[in-house]
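Q: Next come the chains, spelled out residue by residue.
There are 2 protein chains.
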Amino acid sequence: MPSTTRKNVLLVYAHPEPTSATRHLVEIAIQTLEAQGHTVTLSDLYGMGWKAVFDANDFRTRVNPERLAFIDESGHAYATGSQTPDVEREQAKLRAADAVILLFPLWWFGMPAMMKGWIDRVWAFGLAYGYQGAGNAYRYGEGGFAGKRAMLAVTVGGPQIDYSARGINGPLEQLLFPITHGTLFFPGMQVLPTFATYNAARIDAGRMAAIESAWRTSLRDLFDAAPIAFRTQNGGDYPDRHVLAEAVAPGRTGLEAHIKT
Amino acid sequence: MPSTTRKNVLLVYAHPEPTSATRHLVEIAIQTLEAQGHTVTLSDLYGMGWKAVFDANDFRTRVNPERLAFIDESGHAYATGSQTPDVEREQAKLRAADAVILLFPLWWFGMPAMMKGWIDRVWAFGLAYGYQGAGNAYRYGEGGFAGKRAMLAVTVGGPQIDYSARGINGPLEQLLFPITHGTLFFPGMQVLPTFATYNAARIDAGRMAAIESAWRTSLRDLFDAAPIAFRTQNGGDYPDRHVLAEAVAPGRTGLEAHIKT
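As you go down the protein sequences, you meet chains W and V in turn.
Heads up: take any position in the first sequence, counting from 1, add 119, and you land on my numbering.
Heads up: take any position in the second sequence, counting from 1, add 119, and you land on my numbering.
Just so you know, the hints here were simulated from the structure itself, not pulled from any lab data.
Watch out, some of these pointers could steer you wrong.
For identical chains, the list gives no copy identity; a pair is met inside one copy or between any two copies.
Stated by the list, open to error - When the alpha-carbon atoms are kept at most 20 Å apart in a straight line, the in silico SDA-like pairs for lysine to any residue are as follows:
(1) LYS379 with ASP281
(2) LYS267 with ARG214
(3) LYS267 with TRP227
(4) LYS379 with ALA328
(5) LYS170 with ASP281
(6) LYS379 with PRO290
(7) LYS170 with GLU136
(8) LYS170 with PRO135
(9) LYS379 with ALA284
(10) LYS170 with ILE238
(11) LYS267 with PHE349
(12) LYS126 with THR158
(13) LYS267 with LEU161
Turn these sequences into a full structure, and let the hints guide you.
A: Written out as structure tokens, the structure is:
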């Protein structure tokens with residue numbers, strides 16, 4: 120049964136075309152989530168003219184004016200409240216969010232630069248990594264975004280079969296592992312399976328109705344569905360915080376060894 | 120024995136700090152390759168002020184002024200010679216290149232937005248995908264960049280053990296598969312194993328000497344080393360161009376099934 124508690128949901132999306140499939144999924148999400156009583160906040164990155172490139176202009180005061188080291192400056196800016204206002208606004212939205220949905224077209228098997236630049240800049244040292252000044256003590260299941268849920272909604276040009284278990288592109292969830300595991304679970308979010316729309320350049324009315332229906336179901340289940348069972352760093356599977364214990368997924372290597380079966 | 124034929128090598132790199140480890144690897148590459156008689160071309164994306172965001176400004180004439188569909192407009196702009204001059208310059212460098220090396224810091228297990236935006240914009244429809252107007256007939260081993268070699272050189276904040284076969288982040292080459300396989304091999308490049316520099320924020324002189332030596336060896340071997348043995352689409356392993364034949368890597372799924380063993 121879907122949760123009836125009212126929650127805050129942040130939608131972040133990266134497509135400039137108002138009639139795109141990506142934007143259509145955004146509209147459906149707003150309708151569906153608000154109809155459930157949730158509060159929706161939107162970050163329309165193209166519409167906002169989001170600055171995608173992480174550079175020296177991100178640091179208004181510098182711990183080292185001579186040499187730009189991103190980790191040091193990100194940590195300093197975050198700790199001293201001297202981040203740029205646009206980054207602070209996005210972090211405030213994240214703090215208020217119970218769930219975050221990232222919607223984007225899959226370009227070269229990853230995020231558009233616009234979306235990647237939102238991560239690069241907003242995922243600050245001290246917040247999304249280096250949490251509590253404790254190095255990597257808290258990561259993968261714990262950290263600055265613990266307690267939040269996350270989901271990707273991607274539109275894909277190609278057919279589903281190319282992304283299937285033995286499809287030529289590789290399985291979609293493995294291609295997205297750097298994002299789901301490495302970017303969202305890393306700072307503590309619980310990540311739901313990806314909502315994928317294939318053949319997104321050619322969607323007729325009949326197929327769109329089916330996509331909308333499936334999307335509404337995913338959204339209604341946002342706070343109840345089982346997240347991807349990524350192993351937490353500090354739950355016992357990585358005794359040294361670096362490598363899987365021998366007894367965990369014995370003999371297996373690769374990305375899927377980091378998911379409980 | 121290293122090849123003695125003179126070649127053209129394009130270095131593309133994304134880091135704004137002149138004293139960064141990334142930039143240091145660029146300098147070593149220029150020296151080493153030129154000493155071998157090769158011609159080196161540099162795309163310093165931060166230095167060039169590269170426009171990372173792919174948007175409506177990329178299309179000076181539009182096949183459809185009403186609705187921005189990237190694939191359609193990219194194909195039209197490429198076919199009609201109406202791409203933006205910055206994109207045309209990068210494609211000219213690529214056409215002239217026998218090998219391309221992408222150098223970047225690994226941010227959230229992928230490219231910085233700056234580098235991703237170089238791919239998003241330069242990898243045009245008709246050139247890097249949709250080659251010869253034939254849909255996906257030519258991809259993975261064939262296409263607009265066939266005959267070229269490619270290599271990634273990444274600097275990584277964390278320790279190597281976290282990226283090992285059972286390391287908590289996942290194995291580095293699997294995290295990079297969307298780039299090596301999906302971005303470079305897709306349009307036909309032969310991709311060499313990644314040159315990775317770990318713990319890149321703290322490199323003392325002794326370790327830097329060892330890194331430099333290993334990097335020079337990789338560079339000298341650029342045209343001779345065995346590429347990653349990705350399976351070609353049209354070599355027989357994907358009879359329907361979508362899924363591995365049952366007899367190929369039988370019973371295996373996931374990214375590694377697409378590499379010959």
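Q: Quick one: LYS267 to LEU161, C-alpha cut-off 20 Å, is that within a copy, between copies, both, or neither?
A: Answer is within: at 16 Å inside a copy they meet the 20 Å cutoff, but 43 Å across does not.
Q: Please work out whether the CA atoms of LYS170 and GLU136 approach to 20 Å or closer within one copy, between two copies, in both situations, or in neither?
A: This pair counts as both: shortest intra-copy Cα distance 18 Å, inter-copy 19 Å.
Q: 20 Å Cα cut-off: does LYS170 pair with PRO135 within a copy, between copies, both or neither?
A: Both ways: LYS170 and PRO135 sit 14 Å apart in one copy and 16 Å across, limit 20 Å.
Q: Taking 20 Å as the upper bound on the Cα-Cα distance, should LYS170 and ASP281 be classified as within, between, both, or neither?
A: neither (33 Å within a copy, 31 Å between copies)
Q: What label fits LYS267 with PHE349 when the C-alpha limit is 20 Å: within, between, both, or neither?
A: within (15 Å within a copy, 38 Å between copies)
Q: From the Cα coordinates, with 20 Å as the cut-off, is the pair LYS170 and ILE238 best called within, between, both, or neither?
A: Answer is both: 11 Å inside a copy and 18 Å across each meet the 20 Å cutoff.
Q: Using 20 Å as the alpha-carbon threshold, which applies to LYS379 and ALA284: within, between, both, or neither?
A: The answer is both: 18 Å in one copy and 17 Å across copies each meet 20 Å.
Q: Please sort LYS379 with PRO290 into within, between, both or neither, judging by C-alpha distance up to 20 Å.
A: both (17 Å within a copy, 17 Å between copies)
Q: Is it within a copy, between copies, both, or neither that the alpha carbon of LYS379 lies no farther than 20 Å from that of ASP281?
A: between (25 Å within a copy, 18 Å between copies)
Q: At most 20 Å between C-alpha atoms: does LYS267 with ARG214 qualify within a copy, between copies, both, or neither?
A: within (9 Å within a copy, 46 Å between copies)
Q: Taking 20 Å as the upper bound on the Cα-Cα distance, should LYS126 and THR158 be classified as within, between, both, or neither?
A: within (6 Å within a copy, 58 Å between copies)
Q: Between LYS379 and ALA328, at a C-alpha cutoff of 20 Å, which is it: within one copy, between copies, both, or neither?
A: neither (34 Å within a copy, 41 Å between copies)
In the structure shown, a violation is registered for the earlier hints numbered 4 and 5, in ascending order.
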